[in-house]
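2 protein chains.
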Amino acid sequence: MTDLPDSSAADVALRLENAVGAQERFQIMYSVLRDRICTLVYPPGTQLGEEALAEEFGVSRSPLRKALQILEADGLLQSQQGIGTLVTDVDLDALAQVYQLRLELNELTGRLSPATVDDALLQEFDAMNRRAAVLRAHPDRHEFARLNIDFFHVFQLLSENQPLRDHSEKLFYQTCRIWLTLIPEAALEREVKVFCGEIEEITTAVNSDDLEAAALIRRAHLSMGFKRLRKHRKVDAIA
Amino acid sequence: MTDLPDSSAADVALRLENAVGAQERFQIMYSVLRDRICTLVYPPGTQLGEEALAEEFGVSRSPLRKALQILEADGLLQSQQGIGTLVTDVDLDALAQVYQLRLELNELTGRLSPATVDDALLQEFDAMNRRAAVLRAHPDRHEFARLNIDFFHVFQLLSENQPLRDHSEKLFYQTCRIWLTLIPEAALEREVKVFCGEIEEITTAVNSDDLEAAALIRRAHLSMGFKRLRKHRKVDAIA
DNA sequence: GTGATTTCATTTGTATACAACTAAACATGA
DNA sequence: TCATGTTTAGTTGTATACAAATGAAATCAC
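Line order of the protein sequences matches chains A and B. All residue numbers for the first sequence refer to the numbering used here, where the first residue is 1 and numbers rise by one. All residue numbers for the second sequence refer to the numbering used here, where the first residue is 1 and numbers rise by one.
It is worth saying that the hints were derived from the structure and are not from the lab. Some clues are possibly wrong.
In this list, chains with the same sequence are indistinguishable; a pair is considered to hold if it fits within one copy or across any two.
Mimicking SDA-like on lysine to any residue, the simulated pairs with C-alpha atoms at most 20 Å apart in a straight line are [what the hints assert, rightly or not]:
no., residue 1, residue 2
1, K227, S113
2, K231, F195
3, K170, E104
4, K231, A115
5, K227, D93
6, K170, A73
7, K231, P163
8, K227, L112
9, K170, Q69
10, K227, D91
11, K170, L112
12, K170, Q97
13, K170, Y99
14, K170, Q100
15, K170, E72
16, K170, I28
Quick caveat: nothing in here was measured; it's all calculated off a predicted structure.
Using the sequences provided together with the hints, build the complete structure.
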């Protein structure tokens, strides 16, 4: 199971105190901040004050800045002297190329070093399906975003090519915010339904030990999802 | 033309003094250090002292550390408290997966947002061919490495998908050192010849405005190159 | 002599003071 | 009133002192 980083203020500071070694502390700050950005706790345009964040985490600016600098390299933040550290905007047009690349990389997931399907893996997918069922019964934006992120990580397990995983992850985190920003409340239920269907279909393919099929299904849904996003944007623009 | 970063000590400090803005200074330090690592000015295992480097560049440790941290995220360095900042080892087995991914991404270069072939682009390739001719006449390890790096950047121009460029570049810099570490002196002339042939073939394809063909040729040479590297390693191991 | 322990030099990690920079508020004069 | 220069508050960037960690050398007990 992927860690569910508890990003509430007090707990993060506690986890940072207990962490041993600089690398572990960095990893906590990095993933907590990335999580907050991608679940719109920090919406695009939010200014993140280094001093305030450092105080919240119970560290000085120096180690915090390392996390911010990597997030800037990831394209999620942008720092400028005298201005501040701002959460980057997500623009569907700018993300079109990223989506195009993600399509192709997803197909590779089924071909490059495919994982062996064992019980542990199937259980991961089962867990996703259970959460999907709960979500379908009670659609909720935040839980939708969280399931989207967690399912991505489970899907990643299908390839054992580590570089492919790493780069797919970077690209995923560049795009995943767009859903929360573009889906209107009225369309949420329908999008949840489609997403849950995708999880089911992919699980079926994985159960059949056909990872290429799983990857193709994922690719198809990514492609269709991008087209639906463009529609949502148009509707938004009119409103 | 891609910049040829002059990485000699005095000039770097001068360029850093003239640079305006933190981002520009970071870019200089980052690319100079990456260049030194990938041309084996800093061979694998070299310890880079922060204090010494900062003094050489005429800055304090703080801005230098940002460059080191990004290079660590790139997989070219590894820092540990009490030990030092070491240039990572390149191991052909560990890089096999990276090579596999590079193969696939190179094919995408011909398909995703192919560039329009204009005079400026053709001149870039011509320049590469001229340098290749010089290199073939006088084989030299260092110039071989430099041409390899510069030709990569010219090849990148064939796709206008920026994320594809960015991620291909990261992967390239993870692998390109392996050539200098594994090619024995006796095989240098032959490898240079093969590489120059590759440049010619790709240029021919680009001149025909067939970028898919160019990408396939590149892919084929990457694949063959990897196999030759494995042979070179075996010969090395015996010796 | 040998093994364990302590000390010490060296390195990166962290905290913090200050510099550089920006935008907005404010004052000033035509 | 408007344009313009100045001040000011607030931000990130940089320099630097110190803490923490590591490994090797010196020291000591036996």
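So, going through the hints one by one against the coordinates:
Taking the shortest Cα distances, K227 and S113 sit within 20 Å of each other only across copies (18 Å), while inside one copy they are farther apart (30 Å). Within a single copy, K231 and F195 get their C-alpha atoms as close as 17 Å, which meets the 20 Å cut-off; across copies the closest is 48 Å, which misses it. Taking the shortest alpha-carbon separations for K170 and E104, both the intra-copy value of 14 Å and the inter-copy value of 18 Å come in at or below 20 Å. Neither within a single protomer nor between protomers do K231 and A115 lie at most 20 Å apart by alpha-carbon distance, with minima of 36 Å and 28 Å respectively.
Taking the shortest alpha-carbon separations for K227 and D93, only the intra-copy value of 12 Å comes in at or below 20 Å, while the best inter-copy value is 40 Å. Taking identical chains as interchangeable, the C-alpha atoms of K170 and A73 lie at most 20 Å apart whether they share a chain (10 Å) or sit on different chains (12 Å). Taking the shortest alpha-carbon separations for K231 and P163, neither the intra-copy value of 33 Å nor the inter-copy value of 24 Å comes in at or below 20 Å. In this homomeric assembly, K227 and L112 come within 20 Å of each other (Cα to Cα) only across copies, at 18 Å, whereas the closest approach inside a single copy is 27 Å.
When the C-alpha separation of K170 and Q69 is checked against a cutoff of 20 Å, the pair qualifies both within a copy, at 15 Å, and between copies, at 17 Å. When the C-alpha separation of K227 and D91 is checked against a cutoff of 20 Å, the pair qualifies only within one copy, where the shortest distance is 14 Å, while the shortest distance between copies is 42 Å. Proximity of K170 and L112 under a CA criterion of 20 Å is satisfied in both settings, with 18 Å inside one chain copy and 19 Å between copies. When the C-alpha separation of K170 and Q97 is checked against a cutoff of 20 Å, the pair qualifies both within a copy, at 14 Å, and between copies, at 17 Å.
Proximity of K170 to Y99 under the C-alpha cut-off of 20 Å is found in both arrangements, the shortest distances being 12 Å within a copy and 19 Å between copies. Proximity of K170 and Q100 under a CA criterion of 20 Å is satisfied in both settings, with 14 Å inside one chain copy and 19 Å between copies. In this assembly of identical chains, K170 and E72 lie within 20 Å of each other by CA distance both inside one copy and across copies; the values are 12 Å within and 16 Å between. Taking the closest pair of Cα atoms, K170 and I28 come within 20 Å of each other only inside a single copy of the chain (17 Å); across copies the shortest separation is 24 Å, beyond that limit.
Consistency note: the structure conflicts with the earlier hints numbered 4, 7.
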